[in-house]
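Could you put the whole structure together from the sequences, leaning on the hints where they help?
For what it's worth, UniProt numbering labels the leading residue of the sequence shown as 1, then goes sequentially.
No lab work stands behind these hints: they were computed from the structure.
These figures come from a predicted structure and were not determined experimentally.
Just to be clear, a hint being listed does not mean it is correct.
Result set (DSS-like, lysine-lysine): computed pairs, CA atoms no more than 25 Å apart in a straight line [as the list claims (entries may be wrong)]:
hint	residue 1	residue 2
1	Lys-173	Lys-23
2	Lys-173	Lys-2
3	Lys-173	Lys-41
4	Lys-117	Lys-133
5	Lys-23	Lys-2
6	Lys-41	Lys-23
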Amino acid sequence: MKERPALASRPDSATFQRYYYCKEELMAFCRANGLPASGGKAALTERVAHFLDTGEIPPPPPAPRRAAATAPPREDAVIGPNAACTQARRAFFQGQLGPSFTFNVAFQRWLKANPNKTYREAVAAYRAILTAKRERPAPIDSQFEYNAYVRAFFADNPGRTLQEAIACWNYKKQFPGSRQYQRADLAALEGRSR
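Rendered as C-alpha cells:
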C-alpha cells in the first residue's frame with residue numbers, strides 16, 4: 001500500500017485529490033502557504049488543488065452582502081429573494097411551529113427556491129419536510145464523506161458498533177480513490193474481537 005502523502009510535501013493535484021484530508025489539515029496547509037483558510041471543506045479542497053497545480057494564491061472569496069433590514073415576517077408576507085436565517089424569522093417560525101424549529105438544510109433550500117411564496121406556505125412546507133424526513137433519511141451532502149460512510153456501513157451491518165464503523169473508515173481513508181463504504185472495508189476488522 002502506498003502511504004498517503006503529507007500535504008507539506010506538496011503532492012501534485014491529482015495525487016492530492018485521490019486521498020482523504022481532514023478539514024483541519026487543509027486549513028493548516030492554507031495558512032502555511034498564505035492561502036485563505038476560510039470556507040467549507042469542498043472550497044478548501046478546490047483551493048489547495050488549484051495551488052498545487054499553479055502555485056498561485058487565489059483572491060479571497062468576496063464578503064457576503066448584508067441583507068437590508070426587512071419588516072418582521074407575517075403569514076401573508078412574501079418571503080423575498082435571499083431570505084437570510086435571521087433571529088426575526090426564527091422567532092416567527094418558532095411562534096408558528098414551536099420551540100423545536102430549526103433552519104434545517106432542506107428548509108433553507110426551500111426558502112431559497114421559493115422567494116415568491118408566503119410565510120404561510122413556508123410553514124406548510126416545513127411541516128411537509130419534517131414528515132418526509134421521518135419517512136426517509138435525508139441525503140448527506142458530498143462534503144460530509146464520513147457521515148455518508150457511517151450511514152452506509154450501518155445499512156449494510158446493522159449489528160455492528162460505531163467503533164467498528166470508525167475503524168473501517170480510518171482504514172478506508174488511507175487508500176487513494178473512493179471513500180464510499182464497500183463490504184471489503186470489513187477487512188479492517190479482521191483479527192479484532194467483538
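Going through the hints against the structure:
Only pairs whose Cα atoms come within 25 Å are accepted, and Lys-173 paired with Lys-23 is accepted, the gap being roughly 14 Å. Using a Cα cut-off of 25 Å, the hinted pair Lys-173 and Lys-2 holds, with the two alpha carbons roughly 12 Å apart. Proposed proximity of Lys-173 and Lys-41 is supported: the alpha carbons are some 16 Å apart, at most 25 Å. Distance hint between Lys-117 and Lys-133 is fulfilled; the C-alpha atoms sit about 22 Å from each other, no more than 25 Å.
Of the supplied pair hints, the one linking Lys-23 and Lys-2 holds, its CA atoms being roughly 22 Å apart against a limit of 25 Å. Only pairs whose Cα atoms come within 25 Å are accepted, and Lys-41 paired with Lys-23 is accepted, the gap being roughly 6 Å.
When each numbered hint is compared with the structure, no violation occurs for any of them.
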